[in-house]
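Whole structure, please, built from the sequences with the hints as guidance.
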Amino acid sequence: MDWSVARRQSRIAILVSISKFAKGLVRQFWILIPLVLFGGDGARTETAFFLIFIFFGGFSLVLSIIGYFRFYYSIEDEDFVIRKGVLRKTEIILPIERIQSVNFQQGPIQQFFKVVGIEIDSAGASGKEFEISALKKEDAEELKTYLLSRRNALTKNIETTEGQEELVYEEEKELLFKHSAWDLFKIGVSQNHLQTAGILLVFFFGMYENISNLFFDDIFDFIEKVMGIDVENAFITILISIPLFLIVSFVITLFRTVINEFRLRFWKTESGFQLQGGLINRKETLALLRKIQMISMSANPIQRKMGLQAVRLRQAASAEVSARKSIRVAGVYEDQLDSILRHKYAALLDHEKDVAKPDRRMVFRRFLFFGVLPAIAAAAIAYFSDGSKGYYAVPALLPLVYWFQRAYYNRYEYSLSTDLLEINRGVVTHRKYILELFKIQCVQITQSPYQRRKSLANLDIFTASGNLTIPFLKMETAQRLHDLILYRVERSARKWM
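Heads up: the sequence shown at position 198 corresponds to 951 in my numbering, and the numbers run straight through without jumps.
Worth double-checking, as some hints may not be accurate.
Okay, derived cross-link-like pairs now, BS3-like style, lysine-lysine, Cα gap no bigger than 25 Å in a straight line [said to hold, decoys possible]:
#: 1; residue 1: K926; residue 2: K1036
#: 2; residue 1: K1106; residue 2: K1036
#: 3; residue 1: K773; residue 2: K867
#: 4; residue 1: K1036; residue 2: K867
#: 5; residue 1: K890; residue 2: K939
#: 6; residue 1: K931; residue 2: K1058
#: 7; residue 1: K889; residue 2: K773
#: 8; residue 1: K897; residue 2: K867
#: 9; residue 1: K897; residue 2: K926
#: 10; residue 1: K1110; residue 2: K1185
#: 11; residue 1: K890; residue 2: K926
#: 12; residue 1: K897; residue 2: K837
#: 13; residue 1: K867; residue 2: K776
#: 14; residue 1: K926; residue 2: K1097
#: 15; residue 1: K1185; residue 2: K931
Across the chosen pairs, the derived CB separations fall in these ranges [what the hints assert, rightly or not]:
#: 16; residue 1: N905; residue 2: D1088; range: 14 to 22 Å
#: 17; residue 1: F865; residue 2: S1245; range: 43 to 51 Å
#: 18; residue 1: G811; residue 2: W1249; range: 42 to 50 Å
#: 19; residue 1: R1244; residue 2: E895; range: 43 to 51 Å
#: 20; residue 1: D1172; residue 2: D1088; range: 20 to 28 Å
I should point out that these hints are in silico values taken from the structure, not numbers from a laboratory. Glycine included, every Cβ here is placed at the ideal spot set by N, Cα and C.
Structure follows, in structure tokens:
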């Protein structure tokens, strides 16, 4: 196929554009939907909502059609070129040798019409500019093959460091693991249901007045007469009922897990990893070893009981798109995680490590801020306010807060080897971070007034995929780690991506 000829996307791109516009509109104004649908203004409200829907829908349709006819892509002089724009024309030029990976993604519309969206990832790009919404699968595969083969051919003519990896796409893949239906259920069961329950609780309490105005005057009054109970009080009781929210959050989390990790496949190649999965939005994502800046793992009590951990491969990206360029798997078994770590870090994991902890005064400082000061404030409110005696319960929690801070300190440790930094922390959810020293971009020492008086300091570590802090180190220890990390970074001749 002659890629030098300017080409358009599939016509399905119009529908994809409209669906993105609609999702954005719902995301911005979703809170108004129940008020409009169940409001008391009758036909007038419904008519207004219908007219607004027609206006924005028609506006989106016109923009999508014009945008389709003004979107072209081509390959010109070893550059991938996109020309687009409705009111303002834009030309984006990406040198092919700078392409890092070419990923596929399929939303519901794309899956129905058997087309794919393409996201082209380049060094330093935000991950949004180089995107084609809809191409036939065979055309997308052919474009991907051509771009990556040309990229490899061009980089062979450019001076590079020895041992530079080839792209994942052209290598043989080895399937590390895939999720069965039973795996999906276990992973869904082991997710953080309390977080979902908390979000639901905040949402319903925030909407309580609106819900009352919408329903209590008709439906609930009818139920009260039939059943002979005070439904409004029962409704409040149900809202704050922990079992109900746990059940609802369990169903939501399980459903979300199935949607995100349906038919998940995780491969490894000589130079990276490839992940494919998803039900509604199906994605195919690549992570090159050289681009992975950090690997983080987390496990809550249920996951630890099941031998599962959530793992995220954090790739180099700006804060705006770090999630888009990271691979996250909600649950992997210990042997699967070991295979991932061994492929990424190999023998570095076996090097001798110096394990250490922050200064013990971290416990009392955190206890002061998270326990003592809130307890004093709550006691003052209870003393000076009528009808607020419940605030006296806050000081009663001080032993629990102190125990929590002690557990946090006991869990927190960091280890340093010749090439790796590892950090372990967390009380309920255990978290672990592993990164190679040469990929650290900046390290600095910070001190609060209290820390200056006590000769303590925090060590802040910055990478291209996020930041980490080792708190409450003795000043001499922080300075030694600071100098050692800088020495390792400056001494290394390897590229950080």
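Against the structure, the hints:
1. For the suggested pair K926 and K1036, the alpha carbons sit about 17 Å apart, so the restraint of at most 25 Å is met.
2. For the proposed pair K1106 and K1036, the alpha carbon gap of about 38 Å is over 25 Å, so the pair is violated.
3. As the CA atoms of K773 and K867 are separated by approximately 18 Å, the hinted pair is consistent with the 25 Å bound.
4. With a CA separation close to 14 Å, the supplied pair K1036 and K867 stays within the 25 Å bound.
5. Between K890 and K939 the CA atoms are separated by roughly 33 Å; this puts the pair beyond 25 Å, and the hint is violated.
6. Taking the CA atoms of K931 and K1058, the gap is about 20 Å. The hint holds against a cut of 25 Å.
7. In summary, the hint linking K889 to K773 is supported, as the alpha carbons are separated by about 19 Å, within the 25 Å threshold.
8. The hinted pair formed by K897 and K867 meets the criterion: a straight-line CA distance of about 17 Å does not exceed 25 Å.
9. As the CA atoms of K897 and K926 are separated by approximately 17 Å, the hinted pair is consistent with the 25 Å bound.
10. In summary, the hint linking K1110 to K1185 is supported, as the alpha carbons are separated by about 14 Å, within the 25 Å threshold.
11. Restraint check for K890 and K926: satisfied, since their Cα atoms lie roughly 20 Å apart, inside the 25 Å limit.
12. Under the criterion of a C-alpha separation no larger than 25 Å, the hint pairing K897 with K837 is consistent with the structure, at around 20 Å.
13. Between the alpha carbons of K867 and K776 the distance comes to roughly 21 Å, so the proposed pair stays at or under 25 Å and holds.
14. Restraint check for K926 and K1097: satisfied, since their Cα atoms lie roughly 15 Å apart, inside the 25 Å limit.
15. Of the pairs offered as hints, the one joining K1185 and K931 holds, with about 23 Å between alpha carbons and a cut-off of 25 Å not exceeded.
16. Between N905 and D1088 the CB atoms are about 33 Å apart, so this pair departs from the stated range of 14 to 22 Å.
17. Take F865 and S1245: their Cβ atoms lie about 49 Å apart, and the range 43 to 51 Å holds.
18. Separation of G811 from W1249 is about 49 Å and conforms to the stated range, judged on CB atoms against 42 to 50 Å.
19. For R1244 and E895, the hinted distance range of 43 to 51 Å is satisfied, since their beta carbons lie about 44 Å from each other.
20. For the hinted restraint 20 to 28 Å between D1172 and D1088, the CB-CB distance of approximately 24 Å keeps it satisfied.
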